[in-house]
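Given these sequences and hints, build the entire structure.
One letter stands for each residue in the lines below.
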Amino acid sequence: MKLITAYIQPERLNDVKQKLYAADVMKMSITNALGCGQQGGYHESYRGVDIEVNLIKKIRLEIAVNAAFVEKTISAIVEGARTGNIGDGKIFVTNLEECVRIRTGEKGEEAIG
Amino acid sequence: MKLITAYIQPERLNDVKQKLYAADVMKMSITNALGCGQQGGYHESYRGVDIEVNLIKKIRLEIAVNAAFVEKTISAIVEGARTGNIGDGKIFVTNLEECVRIRTGEKGEEAIG
Amino acid sequence: MKLITAYIQPERLNDVKQKLYAADVMKMSITNALGCGQQGGYHESYRGVDIEVNLIKKIRLEIAVNAAFVEKTISAIVEGARTGNIGDGKIFVTNLEECVRIRTGEKGEEAIG
Amino acid sequence: MFEENRKVGVKLGMLALAGVLAFGGSAFAADEPTAADVQTNLNIVWTAVAAFLVFFMQPGFALVEAGFTRAKNACNIIMKNLMDFSIGTIAWWAIGFGLMFGLGSGWIGGGSNLFSADFSNGSDLNWTFFIFQCVFAGTAATIVSGAMAERTKFVSYLVYSIFICGLIYPISGHWFWGGLFGGGENGFANGFMWDMGFLDFAGSTVVHSCGAWIALAGAITLGARTGKYGPDGKSKAIPGHNIPLAALGVFILWFGWFGFNPGSTTTGDGAIGYIAVTTNLSAAAGAIAAMLAGWVRFGKPDVSMSLNGVLAGLVAITAGCDCVTFGGAIIIGLVAGVLVVVAVEFIDKVLKIDDPVGAVSVHGVCGVWGTIGLCFFHSESSFADLIGVQLIGVAVMFVWAFGTGMILFNILKATIGLRTNREEELKGMDLAEHGNEAYSGFQIFNNI
Amino acid sequence: MFEENRKVGVKLGMLALAGVLAFGGSAFAADEPTAADVQTNLNIVWTAVAAFLVFFMQPGFALVEAGFTRAKNACNIIMKNLMDFSIGTIAWWAIGFGLMFGLGSGWIGGGSNLFSADFSNGSDLNWTFFIFQCVFAGTAATIVSGAMAERTKFVSYLVYSIFICGLIYPISGHWFWGGLFGGGENGFANGFMWDMGFLDFAGSTVVHSCGAWIALAGAITLGARTGKYGPDGKSKAIPGHNIPLAALGVFILWFGWFGFNPGSTTTGDGAIGYIAVTTNLSAAAGAIAAMLAGWVRFGKPDVSMSLNGVLAGLVAITAGCDCVTFGGAIIIGLVAGVLVVVAVEFIDKVLKIDDPVGAVSVHGVCGVWGTIGLCFFHSESSFADLIGVQLIGVAVMFVWAFGTGMILFNILKATIGLRTNREEELKGMDLAEHGNEAYSGFQIFNNI
Amino acid sequence: MFEENRKVGVKLGMLALAGVLAFGGSAFAADEPTAADVQTNLNIVWTAVAAFLVFFMQPGFALVEAGFTRAKNACNIIMKNLMDFSIGTIAWWAIGFGLMFGLGSGWIGGGSNLFSADFSNGSDLNWTFFIFQCVFAGTAATIVSGAMAERTKFVSYLVYSIFICGLIYPISGHWFWGGLFGGGENGFANGFMWDMGFLDFAGSTVVHSCGAWIALAGAITLGARTGKYGPDGKSKAIPGHNIPLAALGVFILWFGWFGFNPGSTTTGDGAIGYIAVTTNLSAAAGAIAAMLAGWVRFGKPDVSMSLNGVLAGLVAITAGCDCVTFGGAIIIGLVAGVLVVVAVEFIDKVLKIDDPVGAVSVHGVCGVWGTIGLCFFHSESSFADLIGVQLIGVAVMFVWAFGTGMILFNILKATIGLRTNREEELKGMDLAEHGNEAYSGFQIFNNI
Ligand SMILES: Nc1ncnc2c1ncn2[C@@H]1O[C@H](COP(=O)(O)OP(=O)(O)O)[C@@H](O)[C@H]1O
Ligand SMILES: Nc1ncnc2c1ncn2[C@@H]1O[C@H](COP(=O)(O)OP(=O)(O)O)[C@@H](O)[C@H]1O
Ligand SMILES: Nc1ncnc2c1ncn2[C@@H]1O[C@H](COP(=O)(O)OP(=O)(O)O)[C@@H](O)[C@H]1O
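Chains as they are written, first to last, in our numbering: chain A, 1 to 113; chain B, 1001 to 1113; chain C, 2001 to 2113; chain D, 3001 to 3448; chain E, 4001 to 4448; chain F, 5001 to 5448.
What the hints contain is simulated information worked out from the structure, not anything from laboratory work. The beta carbon of each residue, even a glycine, is placed where N, CA and C say it ideally should be. Wrong hints could be hidden among the right ones.
To be verified - Pairwise CB distance ranges (calculated):
# : chain 1 : residue 1 : chain 2 : residue 2 : range
1 : D       : 3155      : F       : 5155      : 45 to 51 Å
2 : F       : 5349      : C       : 2107      : 46 to 52 Å
3 : C       : 2026      : F       : 5403      : 49 to 55 Å
4 : C       : 2026      : F       : 5346      : 31 to 37 Å
Quick look at the structure:
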């Protein structure tokens, strides 16, 4: 099992969700995040003072999947999130050793979905 | 050392904390999250237009523990969070390779607690 | 590749960022978090009723780095975040198996930076 | 009907004769107005403006109550404030006004003015007096929502609103203020407390305590919010979600009170200034005293307590705003400010009654204090002459309002139910009752 | 110029003679004032206070519109409200007032009062009348921003503001209300609708429908917000980000309306009270009806709909507030409350016109209803006598306002462009147009 | 005391005779009132209403200051605004009013009216004049909190509040306005600036600059907020946390200013309308000019600057609102709008003085401009005749207010300390000083 963490542009969330559903990935968790990367950030100003905002609003996705789904999930996210512009985001994959469904106590693979 | 990530219903947080304390797990970090899973989501409406909210408010717990504590921690979370209803949440366990206490620079096992 | 997760005091964020930049770590993602640890928490009161706030505002950093950068990153965070007081925070390191740059589809090491 | 009124040119051309011609049903001929006619018009304008200021207290209450409670219930509390005034207005028009100011014994008004519809062929001050009294009734009504916040079934609250403005408030109102609208002179009964010479110029007892004792009944009948008291019975804090909004509400109430107290003269003359001064001094003193009391008691100057202190001072001065000295007004405010802090803690920690916004302490306890306190500082009469009747009035109101409140809420509890279920309460009333969110998109921790 | 006015001592010393001496250019000598003089002054004070209340409706609109839209556009909508009034004020002074109340044919005013600068040597009521009419024009102007929210280029909106207060509103205003300012008596033309006897006491049609039909033209020309309608054309909800703020806005509007309707008498007399009562009854009825209608229709009492219900009742009673019975006022409000719910759904789901705050339903649909509805409940005239002219007036306003609106917005679209680009819309107008954030530091999900 | 006032029936029955009978201590017999009596009453009603509007400016200031600063300090700034008015009210009653309007030399008032307690047996307009002047003092006081926001020790701020309303404002106030309350006629001294013929109708200098120069002294003594200036001394932006709330504050101030300026006539007559027009035109012009200036300067129309522009226009017109032409009012507003943008940048980037809300630029710089600007557009006198005295007055106020401010704040700094420590500042004043949170449950980034 793998734990996939992705950072995407907020406005891409709906598309990403659609693609994930299409790929039979129905479960995920998301959080608000601020990202700092190649994307220079933009300039905001307040009362005449310039603010170099280099923490840009992003959305963080966390998805636990079984090995078989890793590729499908990654490509679904890429399809949904890619605009070709700097700032599109990143996907990180780590190894998931255990998964528990709180409701039933099921463990492992069957707990994921 | 393991890193335990759990998604639970917001209103269960206090119970989960009690159970964790009871299990001698005193340290944790939490964030707000939105979850999407089996729990169908609910229907909200605004000015007569229906909104199918399938991103449900959840709370994300992140707890780093030593090997010996993994089981106790998982069962504490399950006890505190289980209602038996869909949406109770999930627990994910990944391997934690290193842990550093910023204040002291301590590393590894003794930095966890 | 490693995924470094750190919890720091909110007011240290700017210093940590400076140190990371100095260490050539330009990319990171941050989220708001509440932390519960040794730091006793503080007492707030509302309308005469005492509130023992043991969930303290923290900032969570997530940084994916190549092996070579792990030490530099950790020490940069420590330098920027340490005040010597309880509550300075923690750094967690997990193994990062894969990394994808959504924009280009690049994978692995070159996708990190 | 008043078309002529609007033609400015005419007025300019004929020196306000148009204005004069335009008089609804007023008593004098359409030629040159007399100074007395103009004074009547001035009284009308002043009373109308005051009524509008009192109306504006509605959002004041809504913001205070919303700000002192949780984000997940903000829409619900606002709907309750909106609806108790809206339903109350109709009930007041249909029954309330007639019961309070109509013909009848000293015990119950009514008759002549029932269904104020035909009242629309009244004249001059009548209509203005009607709207002025309507917003007063609305004030009494809206006090209750605060004490019952975050757990009351919406539909039951709607039912309650009919009764407060249609029955409970006007009946006691008649006892105390029946004499206002002509009273004896026009062959109406005055109401027995009025005849006993009970002093309550703008309603510390008649309006504020009335609402507060009903609120107390509601809070008791409902029980505390889930999570308010630990298993050990220890009180837990449930912080309000928007203090700046609550503070704005308090300032709006302070502003509106300048209509509430000085407006109760329903006369445009120097008394307005006098009453505005006493009202303002007492409010200021209340804020300071509550801040200091909180500081001493809790070690820090608590914001929500200081805000309550303003309201405490305002409620307390309401009864005697016309008759106490300026120095007296300050003392009344200072005492009220301390009282509200003590009362909030006592009700919360000792009586263990859950009143999220402190409505009972502010409007009830300080209402009583103001009604009695005026005896100490009356600029003309002595304490001994006044205290007796004042105590009777306070008692009468408590028995009536708390009693009818308990009956009403227990009937509701037994029938449609007064309280939402636990799940809905945890989820929040906004989603549960209205399917809406107050702050869509904002990330809010909702674990208490 | 009015220095003398301020010296209180003099007044005290000489029984308000100072006050009298101080009269700007009023008609009588500086000796003892007559009762008629004082009535004129009373009319001035009342009209001025009413004008201030109407001005206060500006933040009311700003909050409703900001609260019912998304956080990422809150600064932008507020700037639009601020600027349409500011620019409108100058345009009104420069051209508008002259066009609406100046000399001229029944079709176009103007001439004499153009560039109201020299108007500054007018007298008494004149100036007060000027400011009173100015805030009315500002009301018509600000209605539009709501329907065009979250997607209109800031600069184009600024241009629009000049035209509404400088041309569109005053020209039709002259047709309907030209007679107000002296009219015939002073040898001005009255405006043809006025001469036909069209009844619209405070402006259901003249002010509210005028703004609403222009708003409709704007919403149509702009098209819907990105994401408002799915590929299947199904309407999607875009929840407002701050309902408590919107609710405060509605209460402020209710409060301001007590200046809008009763103030339209521009006379200090009993009529004020009558109109305040009808206005308040209709608003309350509107809130209740909209809540119930929403409840029946959507299964839950929708907060934003109930808030719209208040406005619906207020807009509807505006035309007949002076001439309908109290019972009639309630029915007008009830119908308006139902109408607004139906209209919002119809415009959104059937016509698929994206009006984020329901401005067209509230000010347009209910404005029409109120203008026609008064025929049923007029306390003196019969339905048959009135309906004809009322229908004509309603039609005239629609053709004029919607027509000129379509022309104006399409010219803007063809030239500087009316709508922001998709990226800016997704990013939010606050950052895109102003480089500001409304709630800096707050974590807000911005994915819809 | 005023019991009779309230009995409506009597009034109806006896044509407002009750109203007349009810006169506090007014000069004429209890029979038919004369027109002059009624005019006095009208003056009272108008002045009272204006005073209430000016009071309402308090929440206006509170919201602007809270909205333009960070969420972690919102409770604290609100408490300061609440307390400076509350403490100021008591100080004003105890000392201030007497010093400003009592007997005495042209340099210091006092004596007769000290401890206005006995003042409670004054009459008519007196009381209204007292409350009107009280809210003016409160306005001067509350200006300061903005410039000192986010870093001033709460307790020191409380001490400051006593001095501004008790000493600093009333002493200079006496020099400029001592003549208002009777002055010469009643054997009081007028104050030397008054005798020199200094023109400041409603207080650009007397109220606004007074507060602003004290604010400047405070901001300098405190030093900048941690993080406001980088190591290189480069100014950093610290965005306000709630622009919609700040905007509401500005609209409330605009609304309240209709009491501040027209109310300063303390007379119910046509002048009110004239002053309302100039005030409104200048505010509108200020908003437009500030928006454009910001646009040119920063490339985008900055929201907070445009909001400051409204206040700039209002402050600037305050001195000449009664005597400049309408065209002049617009120009005064336009210049003020540009000035405020320039001043904010200059003070922030060149002088490196940290004034979080721009209080010094708005109330100080534009106050000076308005006081001098009226010389250009006075409808009766020539520039040459006026400019001399105006410049002297401006200078006198700067020396007095800035000087006493520096002394006061440096004494506080040396004794109880003026500034919170760094930890508390980073943590936020709400938690540090009050143990409260403004937005409990909301997720807010608090790293700047
Ligand atoms: N090494 C990293 N560690 C953590 N987050 C990262 C890292 N690199 C990128 N991100 C996240 O991805 C977002 C997009 O990255 P960015 O470099 O701006 O665009 P791109 O990857 O297209 O060059 C960043 O804002 C940040 O949230
Ligand atoms: N595979 C997953 N990856 C990430 N988060 C998940 C996953 N499955 C569940 N979750 C989280 O757990 C929450 C509860 O899951 P859900 O399927 O609704 O309930 P249950 O697990 O009881 O069937 C979801 O809202 C989501 O936040
Ligand atoms: N075992 C842990 N698991 C998850 N988060 C932790 C853990 N230990 C500490 N933290 C995070 O680090 C923060 C600081 O830890 P704390 O124990 O208070 O300080 P210190 O590490 O200096 O003793 C906590 O508030 C929490 O957010």
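Hint by hint, work out which the structure violates, then give me just those numbers in ascending order. Failing hints: none at all.
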